[in-house]
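There are 2 protein chains.
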Amino acid sequence: MKKVVVLGTGLTPFGELWDLSLRDLARDVSLAAIADSNLEIKDIDAVFVANMLGSKTAGQSHLGSLVCSELGLDADSTRIEAACASGGLAVLRARESIQSGRFKKVLVVGVEKMSDLSGSEISSALMEAADEEWEVPYGATFAGLYALIARCYMEKYNIEEKHLALVSVKNHYHASLNSSAHFQQEISVEDVLKSAPVASPLKLLDCSPISDGAAAVVLAKDSSYKSKEDAVYILGSGASSDTLALSERNSFTSLPAVQKAALKAYKEAGLSPKDINLAEVHDCFSIAEVLAMEDLGFYEKGKAHLALEEKETYLDGKLPINTSGGLKGCGHPVGATGVKQIVEIVTQLRGLADKRQVKKADIGLTHNVGGTGATSVIHILGRK
Amino acid sequence: MKKVVVLGTGLTPFGELWDLSLRDLARDVSLAAIADSNLEIKDIDAVFVANMLGSKTAGQSHLGSLVCSELGLDADSTRIEAACASGGLAVLRARESIQSGRFKKVLVVGVEKMSDLSGSEISSALMEAADEEWEVPYGATFAGLYALIARCYMEKYNIEEKHLALVSVKNHYHASLNSSAHFQQEISVEDVLKSAPVASPLKLLDCSPISDGAAAVVLAKDSSYKSKEDAVYILGSGASSDTLALSERNSFTSLPAVQKAALKAYKEAGLSPKDINLAEVHDCFSIAEVLAMEDLGFYEKGKAHLALEEKETYLDGKLPINTSGGLKGCGHPVGATGVKQIVEIVTQLRGLADKRQVKKADIGLTHNVGGTGATSVIHILGRK
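From first to last, the protein sequence lines are chains A and B. Residue numbering for the first sequence follows the numbering used here, starting at 706 and increasing by one per position. Residue numbering for the second sequence follows the numbering used here, starting at 706 and increasing by one per position.
Hints were generated in silico from the structure; no laboratory data involved. Computed from a predicted model, the values in this text were never measured in an experiment.
As the list makes no split between identical chains, a pair holds if one copy fits it or if it spans any two.
The calculated lysine-lysine pairs, modelled on DSSO-like cross-linking and capped at a C-alpha distance of 30 Å, are:
#1 Lys810 x Lys707
#2 Lys972 x Lys747
#3 Lys747 x Lys1006
#4 Lys1023 x Lys1064
#5 Lys747 x Lys969
#6 Lys707 x Lys972
#7 Lys707 x Lys1089
#8 Lys747 x Lys707
#9 Lys969 x Lys1008
#10 Lys810 x Lys972
The task is simple: from the sequences and hints, build the whole structure.
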């Protein structure tokens, strides 16, 4: 399969953006990505829009056409939805559409406008990502489901809440260096441990926030890239599924869909975990980053907490993870998240990450998860 | 681009299916399509699910994973949404995924469970396909928007309500020969003209119903097909967008997205309108079939009603249209419709359409529309 190049990127600030609507965010970020690609709107052959909640938050589905409509474009357009993995999956489907030979230049927009609903409304809407028949009626929430995962993991590998807290502390530190991040302040382990319980052992500061925001990339066939200087390619991609309901899994201490998706991506890229210089992983809850560190093959099972203690995943560490601030620090507008991960890796690989620039940034990985691992999408990007 | 073969199909009855849930429909139709393809579940590399309303009707998004979960499959899975064009678009994206070389065998499921909501709830939910900012707040409904189209068309080409009624009469006749159809009874022009006004000039029997149902196909690389005897290929496909709001269009008497999508499909297939033996078109309202007959290049603008009067589009006519009964007669579970159109054409091309079999069925076309033509997807299928 052909490599695909990222021609340009766009990103809105993440946060509570009261004066911007779903369509404002989608339009603004599209224009930014097209401009960054040195293209005109009419150059775009197809549009893929990643969004989960537009139906509930804005009464608006049919977002592929909405984006085309806002851009004055008559392109082939598609909305992709796989809960919080919508963004990564849209990038995969868009990449495939270029690899098939159908399109030359494709715009991928990830967008979510969450702050228009109340906290309880949005929590309820998010549960559409879980199993409506076997989880929702029993009162499950995502914090509750990830708390079960955390509890099992902590028991099995004998780690404590303070280890989980290290994820949030690191990601807030990275976010403090990212002007687009939802949160700009550092926090301490003590802050996390003292924050309000949400679903024990997870506390408020173990949980990613409700954010508005949008991210976009323009993908193209290799040959259409004009300046080879800062070209970033998607070298490999993979996606996999698992049971929608957590209760149907044999184990809670790893996510098989992540392991399978990663194997596909590593295989296509001809790379292994040790080749990865930095990664953006799906830390919807602190425990999720711990699982990711292991399921992606970076650390042995049960050992990720040691790397956290050693600060190996800080931006100046051996394997920087979530330099954007991750979902916890940068924010988690669900449809946008998977695309934002790509934007962050591209920014790092181009050496444009400013205060949070990683020194050796040649190969980066993104890890996007839907539900409790019912969908996982992995991309590997590089400068060659 | 490589041709792609339809290995097998599945179809549930369309109608008010009180004892089947969204997941029941999706699972049953998937198993039917996999069995018809002489495959086992584990042979499926990827799943594409077309669905518009699961969020509102079942509180369930993340349907790619849901289908995998029901099948016990860990495949790459994606939900595709483009309002009522979701099904055709899912087939296009699935075809592309095979053409890219990523997958060999892909399951496409179109599913919608609409009867769980009240009439007013479902009408409101369907408006998510329209422009939430520029149409919905002004009280627009789809019947109302298509009534504007009908009024303009009738004025411009001097046709009457009785001409529109001919569409419904034909499609009910075809549906009466299709045991899977929502409606099994024939109706007369007088029945249509006397039916309750919905949005003048459209009356109840000009409008497609609210249906439950599911359709599925398994697509594969040419080479993986074992029996060449009844192979049906997708020869060409195209999709295009237009403004989400009808009010932003220059003309109401044709749908440019349909014309552009059709051009792409004809070009890829190396065929022209005169090569098409039969078509399934998106008759969400009777006027929509009239526009389709012209926008697809079958008839000159303003002349479709003459063909209707001459019964040219009956199953024994020159160009049979909607032998399944169309959206009006067979039913319109929105996510399923575009996939059902493919199922009907494949069934006809294989000579398995029983009482409604078209004599010369070598090349067929499907025409799927989202909103008032904001998305259009065309496929051309053939036996070579």
